[in-house]
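If you want the building blocks of each chain, they are given just below.
Protein chains: 2
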Amino acid sequence: MFREEIKVLDCTVRDGGLINNHYFEDDFVRNVYKAVAASGVDYMEIGYRCSENIMSRDEFGKWKFCKEDDVRRAIDGVESNTKLSVMVDIGRVEKDDILPCKDSVIDMIRVATYVKDTDKAIDLANEAFDKGYETTINIMAISRALDNELDEALAQIEEETKVLAVYIVDSFGGLYSENVQYLAGKYKKFLKTKEVGIHGHNNQQLAYANTIQGIIEGCNYLDATIYGIGRAAGNCPLELLLGFLKNPKFNLRPILDVISKDFLPMREKIEWGYLIPYAITAMFNEHPRAAMALRKTDKKDEFLEFYESMSAINID
Amino acid sequence: MFREEIKVLDCTVRDGGLINNHYFEDDFVRNVYKAVAASGVDYMEIGYRCSENIMSRDEFGKWKFCKEDDVRRAIDGVESNTKLSVMVDIGRVEKDDILPCKDSVIDMIRVATYVKDTDKAIDLANEAFDKGYETTINIMAISRALDNELDEALAQIEEETKVLAVYIVDSFGGLYSENVQYLAGKYKKFLKTKEVGIHGHNNQQLAYANTIQGIIEGCNYLDATIYGIGRAAGNCPLELLLGFLKNPKFNLRPILDVISKDFLPMREKIEWGYLIPYAITAMFNEHPRAAMALRKTDKKDEFLEFYESMSAINID
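Protein chains in written order, with our numbering: chain A, 494 to 809; chain B, 494 to 809.
All the pointers check out, no bait thrown in.
When chains are identical, the list treats them as one kind, so a pair holds in a single copy or across two.
Dumping the calculated PhoX-like pairs for lysine-lysine here, alpha-carbon to alpha-carbon at most 20 Å: (1) K789 / K754; (2) K754 / K792; (3) K754 / K793; (4) K527 / K754; (5) K560 / K576; (6) K500 / K681.
Honestly, the hints are just simulated from the structure, not real lab data.
I would like the entire structure built from these sequences, with the hints used as guidance.
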């Protein structure tokens with residue numbers, strides 16, 4: 494599949510940070526940045542930009558805050574055409590945390606939101622846009638969005654912002670290809686002047702397949718992470734996505750190499766990927782929260798009992 | 494997705510046997526059979542039926558041969574409506590190995606073939622049919638089949654056999670959804686009196702997604718294995734497939750339970766699932782053979798070097 498408009502965004506450090514409270518070493522982040530840049534990937538999201546007045550440095554590592562100095566130190570001296578992105582959560586960032594783009598190493602700010610917070614997302618995206626950043630709005634938990642509310646949100650984003658793209662974010666890993674088809678069609682109907690993006694989760698081994706489905710439906714902003722690292726079952730594996738896309742600018746080799754050198758050891762330290770409890774939460778279209786909690790107990794492999802507990806929640 | 498015509502076939506022991514030379518203990522096979530039967534799955538394929546004159550009992554375990562006594566011992570006393578299947582490979586079975594169905598515990602014989610061996614497959618399928626078995630023909634390595642040869646094979650199978658279904662077998666895990674769409678459409682065009690089946694491999698994390706795509710395209714015979722066990726990256730995970738299918742006859746619970754009890758320990762002993770070398774062979778539309786060999790060496794995690802070696806093969 495070759496389509497010139499396609500942009501790939503690596504969110505290895507940002508989504509991966511959700512499983513280690515953003516405590517990646519500088520060397521790891523630097524190696525990721527080197528590999529992503531060498532592979533020709535368009536964007537790398539290096540973490541969240543949260544306010545230190547709201548979230549504590551005692552509880553979270555530096556990639557939760559992405560202070561300019563920390564980012565610069567990690568990427569210093571690496572030759573790269575890859576743009577840098579940070580994600581902002583509504584209510585966790587203050588406007589002062591967003592420097593004018595000309596003073597920042599960051600190129601793009603992505604606003605994560607639920608449908609209900611669309612007004613706030615628009616406000617934040619416009620603040621970032623006015624300061625000179627490229628922007629996107631990423632609508633999380635999309636498999637739970639009510640149709641009429643989503644319609645209204647998309648119409649409003651189209652009308653009131655200059656974001657480059659609006660994302661379908663399958664936070665629960667609950668979407669099937671037909672849902673992607675439906676949602677991408679809806680997004681494209683409302684977003685006449687913006688691109689559609691897709692961010693999958695792999696709870697049911699569908700993150701990559703749903704990304705391909707998104708491409709077929711015209712999504713041009715594609716999220717992926719190296720070796721699929723990310724919350725719970727993780728994300729669309731970047732190595733598979735680059736194997737699929739035929740754009741000559743992409744080179745798979747640096748990604749394969751960094752998997753061997755950095756991601757196999759990392760996987761020994763922190764857990765992500767296809768595990769039955771994540772498949773179960775996705776089948777119930779639930780946040781993987783309960784499965785993540787289960788994995789920290791000595792019942793982590795008692796799948797039937799976990800299924801019954803999820804089933805009970807969904808009947809009561 | 495509910496469609497009454499859908500038949501699910503569990504090939505855990507058969508495809509799983511490819512990674513341990515078919516040396517499963519009777520208890521394991523019995524636990525699989527119990528779980529599959531309790532889950533309401535239509536068929537369980539318990540192994541290959543090979544001739545002992547051709548393949549040696551010194552090299553392969555009993556599930557390579559599926560002698561009647563061995564099968565009966567493993568399943569004795571388990572209450573079940575699940576039919577039993579064995580797979581036969583062309584050139585590895587003699588007609589005498591196929592008892593009349595009325596004397597056998599086996600209900601279905603599936604003939605695995607390459608396109609080029611279609612004549613032999615038809616001959617073998619008709620032999621089994623005439624002895625009273627349900628039959629299918631499973632066309633392997635379909636991602637390498639030449640279009641004109643496949644057309645001819647399908648026309649011939651339609652004309653000359655009474656098989657219930659003809660399978661799309663993605664031996665290399667190389668198919669994308671668009672290929673499944675294309676192939677299923679072709680199969681349905683030629684096979685007016687037969688069902689279409691799909692057997693995926695997970696080298697690119699697409700076995701389940703391709704099975705769903707197959708369902709959308711009208712495939713009614715669906716192969717899966719518990720926890721995705723099977724050669725190389727394995728197969729479509731039965732637990733995910735049952736989570737997707739809404740036919741009320743299926744019950745996911747026994748499958749989840751046997752995964753906890755039997756498959757997590759098994760996975761410690763033998764390796765299957767998503768591993769980068771299998772993704773690489775699939776990207777090149779190659780048999781996973783080279784990746785399987787690599788995994789037995791101390792270079793098993795040197796992905797870039799392996800990619801370069803595959804790349805060289807494909808240029809030379």
